[in-house]
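Visitor: Residue-level listing of the chains:
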Amino acid sequence: RKEVEQDPGPFNVPEGATVAFNCTYSNSASQSFFWYRQDCRKEPKLLMSVYSSGNEDGRFTAQLNRASQYISLLIRDSKLSDSATYLCVVTQGGGATNKLIFGTGTLLAVQP
Amino acid sequence: NAGVTQTPKFQVLKTGQSMTLQCAQDMNHNSMYWYRQDPGMGLRLIYYSASEGTTDKGEVPNGYNVSRLNKREFSLRLESAAPSQTSVYFCASTRSRAGGYNEQFFGPGTRLTVL
Numbered sequence: 001r002k003e004v005e006q007d008p009g010p011f012n013v014p015e016g017a018t019v020a021f022n023c024t025y026s027n028s029a030s031q032s033f034f035w036y037r038q039d040c041r042k043e044p045k046l047l048m049s050v051y052s053s054g055n056e057d058g059r060f061t062a063q064l065n066r067a068s069q070y071i072s073l074l075i076r077d078s079k080l081s082d083s084a085t086y087l088c089v090v091t092q093g094g095g096a097t098n099k100l101i102f103g104t105g106t107l108l109a110v111q112p
Numbered sequence: 001n002a003g004v005t006q007t008p009k010f011q012v013l014k015t016g017q018s019m020t021l022q023c024a025q026d027m028n029h030n031s032m033y034w035y036r037q038d039p040g041m042g043l044r045l046i047y048y049s050a051s052e053g054t055t056d057k058g059e060v061p062n063g064y065n066v067s068r069l070n071k072r073e074f075s076l077r078l079e080s081a082a083p084s085q086t087s088v089y090f091c092a093s094t095r096s097r098a099g100g101y102n103e104q105f106f107g108p109g110t111r112l113t114v115l
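The listed protein sequences derive, respectively, from chains A and B.
Okay, so the first sequence: first residue is 1 according to our numbering, each after it adds one.
Okay, so the second sequence: first residue is 1 according to our numbering, each after it adds one.
Quick caveat, the hints were computed from the structure, so don't treat them as lab data.
Any given hint might turn out to be false.
[What the hints assert, rightly or not] With a straight-line cut-off of 25 Å between C-alpha atoms, the simulated DMTMM-like cross-links for lysine to aspartate or glutamate are:
| id | chain 1 | residue 1 | chain 2 | residue 2 |
| --- | --- | --- | --- | --- |
| 1 | A | K99 | B | E73 |
| 2 | B | K71 | B | E103 |
| 3 | A | K2 | B | E103 |
| 4 | A | K45 | B | D56 |
| 5 | A | K45 | B | E59 |
| 6 | A | K2 | A | D57 |
| 7 | A | K45 | B | E103 |
None of these values were measured; they are calculated from a predicted model.
Okay, chain A solo, but in the shape it has when bound:
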């Protein structure tokens, strides 16, 4: 079983749609959680951290369920510019030995 699992997609949605991505992780000791965004042939960039209480940043909402080891990302009012691969990321270790474990990503294509 992969440490971080995501639906690879692709998710094809029209502009203005709401879309949700899910992610599960296997290591209950994982401490920190993130969503990264990766555009085609570019490097990953942090989209948002995921906090235990859930958090929102504009059109993006992230949720964490530690009991189910499940993370989600909700995008409202999708824009063409949201088209990218979304990577679910969890950390292992802490402090100086902190390591990120990446999911394989979910591809989102927003259609005009």
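Given chain A, work out where chain B should sit, using these hints.
Guide: Just chain B now, with coordinates in the frame of chain A:
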């Protein structure tokens, strides 16, 4: 600030050739990382350096060596390239935040093809 820079951007090698991928960051980060990204596999950690003078193996270290030259620079060396090392290589560095939320900043990547 340039952030994380990598050279070269593209490279084609023949099997058995050697090369070094260079990475530098100007954000005064302590920790640096090398990943490879392959289709369907996601990003996998090759080596990391928690601080200047230390290096540790990640998930897929075989066939690679690293050097943490100073706080800014972290290089990755392929001693004898193999076709299985054809991949996109990303260097990253970490800024530590309160609560353990350590954001990683990535370089633009090196696209390596081994024939």
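Visitor: Please go over all the hints and tell whether each is borne out by the structure.
Guide: Here is what the structure says about each hint:
no. : hint             : result
1   : K99(A) / E73(B)  : holds (19 Å)
2   : K71(B) / E103(B) : holds (18 Å)
3   : K2(A) / E103(B)  : holds (22 Å)
4   : K45(A) / D56(B)  : holds (24 Å)
5   : K45(A) / E59(B)  : holds (21 Å)
6   : K2(A) / D57(A)   : violated (29 Å)
7   : K45(A) / E103(B) : holds (9 Å)
Violated hints amount to a single one, hint 6; each of the other numbered hints is respected by the structure.
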